[in-house]
Amino acid sequence: MSERNVVVRMRDVHKSFSGVSILAGLSFELERGKCLGIMGGSGTGKSVALRHVIGLMKPDSGVVEVAGDDLAALDRKGLAAMRRRMGYVFQEGALINWLTVAENLALPLKENTKLSPSEIDQKVQEKLALVRIPDAGAKYPTEISGGMKKRVGIARALITDPALILYDEPNAGLDPEISRSINRLMRDVSEELGVSSLVVEHRVDCLRTVADEVLFLYKGQALVHEPTESFFRPKNTRLREFLGVDAADAQSPDQASS
Amino acid sequence: MFSEGSIPDWWPTLLALVAITSTLYTLWQLGGFRELLREAGARLALLAATFACVPHLFRRRRWFLHQLFLAGVMNLHVVGFVGLFIGMIISLQTGIELARFGQQDQIGPLVAAGMAREMGPFITAIILASTFGSALAAEMGTMAVSDELTALEVMSIDRVSLLILPRVAALAIICPLLTVVCDMIGILGGGFVANAQLGVGWNLYLDSAFAALSGLGDTIPFPKDVYTGLFKSFCFGILIAIVSCQSGSEARGGALGVGRATSRAVRDSAIGIIVANYFLTWVFYGGAS
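Sequences listed follow chains D and Y, in order. Heads up: the first sequence runs through residues 1 to 258, numbered per our numbering. Heads up: the second sequence runs through residues 1 to 289, numbered per our numbering.
Everything labelled a hint here was simulated from the structure, so no lab data went into it. Because the structure is a prediction, the values reported are computed rather than measured. Take these hints with a grain of salt, some might be off.
Facing chain D, a subset of chain Y residues (Cβ under 10 angstroms, in silico) [unchecked claim]:
| id | residue |
| --- | --- |
| 1 | ASP9 |
| 2 | TRP10 |
| 3 | LEU24 |
| 4 | LEU27 |
| 5 | GLN29 |
| 6 | GLU35 |
| 7 | ALA135 |
| 8 | SER146 |
| 9 | GLU148 |
| 10 | LEU162 |
| 11 | LEU204 |
| 12 | ASP207 |
The following residues of chain D were derived to be distant from chain Y, with all beta-carbon distances above 10 angstroms [stated by the list, open to error]:
| id | residue |
| --- | --- |
| 13 | ALA81 |
| 14 | SER116 |
| 15 | GLN122 |
Each pair of labels, with its calculated beta carbon distance range [claimed, not checked]:
| id | chain 1 | residue 1 | chain 2 | residue 2 | range |
| --- | --- | --- | --- | --- | --- |
| 16 | Y | LEU65 | D | SER230 | 38 to 48 angstroms |
| 17 | D | ALA172 | Y | LEU65 | 32 to 42 angstroms |
| 18 | Y | PHE33 | D | GLN125 | 53 to 63 angstroms |
| 19 | D | ALA73 | Y | ARG61 | 34 to 44 angstroms |
Cβ atoms here follow ideal geometry from the backbone N, Cα and C, with glycine treated the same way.
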């Protein structure tokens with residue numbers, strides 16, 4: 001992979017909390033325009049890895065690079081500038097409850113850009129249309145469903161036209177039908193905008209739909225990192241146990257299911 | 001160890017020092033003292049960051065006015081009601097004693113000075129800490145546990161400027177204004193009791209009360225009891241907002257964490273108000289004989 005095509009690189013990242021090791025030498029690379037899914041059991045450090053990429057956490061050792069910059073070497077302003085080129089979709093949306101949907105979307109633009117109010121309104125409408133909720137702007141987060149909150153979360157992550165989007169369990173708390181529509185939306189966003197994505201998720205159908213490659217996180221390390229098709233025909237015993245497929249099933253790509 | 005009369009003079013001092021040091025060391029080891037210092041440091045840092053954001057206040061005027069409404073208008077009736085009864089209590093308590101010596105004409109000055117100097121600022125601050133401060137802590141706590149504060153950080157939005165500044169500024173302004181209301185209603189309440197139960201005429205009561213408040217300060221040409229009370233209220237308002245916002249921001253672990261943060265905010269605000277009240281009183285009146 002050429003150096004300039006790597007958007008995210010984690011190299012031998014270690015992180016412990018109160019003496020408990022969460023990441024124990026995690027290494028991976030994400031190529032520009034691609035979608036990498038991170039899968040693993042609860043407490044294996046999926047969200048911790050994501051928080052390292054956005055600079056919310058610093059590694060105890062190892063290197064986290066985004067667009068070629070070592071995050072540990074960036075000062076506060078540099079990190080803020082880097083974050084403006086990234087979007088983050090939270091599990092529960094994390095929308096500001098006392099702002100309307102449109103105000104939630106407009107907030108990063110009002111705070112960090114010099115765009116005029118009309119330009120901001122135009123961008124907000126554009127992103128709401130992109131996530132297929134063009135009429136939700138005047139509603140408050142408490143007045144919309146969980147699926148709509150996820151869409152607003154995605155729209156907010158896209159509002160600054162980022163080069164990289166991080167999704168933290170985008171299917172959490174959604175029924176299968178809404179999950180499918182969110183997965184299709186994520187895939188369309190990736191394809192239409194050419195955005196690179198990192199998706200932390202443990203639902204197979206989501207990663208099958210959106211990911212180009214999937215990484216299996218086990219005991220703080222990347223145990224398996226393969227293209228999506230071969231990932232779901234696992235040779236690794238631990239991954240087979242995790243996915244609930246036996247060796248015979250692993251030969252057929254359609255057997256591994258959620 | 002020592003025969004009678006041979007205990008050195010420095011021995012009690014040494015014992016006291018050893019006792020204090022041991023207590024502090026034990027608290028340090030238990031983590032309580034360290035936590036106290038950490039929280040105090042975090043609150044001072046938040047205060048400094050908020051002052052640094054003051055130039056942003058005009059940009060935040062929408063949220064500032066909203067907080068002003070929530071803190072002021074929504075608590076006006078409580079402050080007025082409590083102020084009325086505080087004035088009546090002071091009047092009754094002091095009036096009964098003064099009446100024994102035929103000094104009822106001193107009720108007005110006592111109620112007025114008591115309300116303006118101490119009870120008005122103190123009671124208003126305690127009411128705001130328990131109503132608006134607890135609501136602030138719960139709001140911040142809910143934002144913390146639902147990742148809204150993290151979302152702001154991820155979007156490179158300064159949460160101090162956006163969230164904390166409007167709330168601190170609103171409380172710094174509304175606390176003295178509500179104190180004026182509390183003082184006035186308290187003095188009136190004292191007047192009701194003085195007139196109805198202790199036989200003091202309204203004119204005498206009000207004339208003596210306002211005369212007591214008209215003494216100018218040495219450095220500021222304004223009634224000292226009034227401006228010291230208002231300055232105290234200003235400080236209490238900032239203290240309540242900072243303590244509540246900081247406690248709430250540190251909430252972790254869902255609803256239980258928000259509840260703990262809220263009760264900590266009210267507890268620490270009340271303690272802070274009492275301690276600050278002593279030191280402010282000492283600064284303004286400590287040298288007076």
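Find the nearest Cβ of chain Y to the Cβ of GLN122 (chain D) and say whether that gap is larger than 10 angstroms. 19 angstroms, holds
Within 34 to 44 angstroms: is that where the Cβ-Cβ distance between ALA73 (chain D) and ARG61 (chain Y) falls? 38 angstroms, holds
For the hint on LEU27 (chain Y), does the least C-beta distance to chain D fall short of 10 angstroms? Violated - the Cβ of LEU27 (chain Y) stays beyond 10 angstroms from chain D, reaching only about 22 angstroms at its closest.
Does the closest beta carbon of chain D sit nearer than 10 angstroms to the beta carbon of ASP9 (chain Y)? 49 angstroms, violated
Quick check on GLN29 (chain Y) please, does its C-beta sit within 10 angstroms of some C-beta on chain D? 18 angstroms, violated
Per-residue hint verdict: GLU35 (chain Y), partner chain D, C-beta under 10 angstroms: Violated, about 16 angstroms.
Are all C-beta atoms of chain Y more than 10 angstroms from that of SER116 (chain D)? At roughly 16 angstroms from the nearest Cβ of chain Y, SER116 (chain D) sits farther out than 10 angstroms, so the non-interface label holds.
Given LEU162 (chain Y) was flagged as interface, is its beta-carbon under 10 angstroms from a beta-carbon of chain D? 7 angstroms, holds
Would the stated hint for ASP207 (chain Y) survive a check requiring a Cβ distance to chain D of less than 10 angstroms? 49 angstroms, violated
Does the interface hint hold: is SER146 (chain Y) within less than 10 angstroms of chain D, judged Cβ to Cβ? Since chain D brings a Cβ to about 6 angstroms from SER146 (chain Y), closer than 10 angstroms, the hint holds.
Minimum beta-carbon distance criterion (10 angstroms), ALA135 (chain Y) to chain D: Where the cut-off is 10 angstroms and the nearest Cβ of chain D is about 13 angstroms from ALA135 (chain Y), the hint is violated.
Quick check on a hinted range of 53 to 63 angstroms for PHE33 (chain Y) and GLN125 (chain D), using CB atoms only. Taking Cβ atoms as reference, PHE33 (chain Y) and GLN125 (chain D) lie about 55 angstroms apart, which means the hint holds.
Comparing the model with each numbered hint stated earlier shows that hints 1, 2, 3, 4, 5, 6, 7, 11, 12, 13, 16 do not hold.
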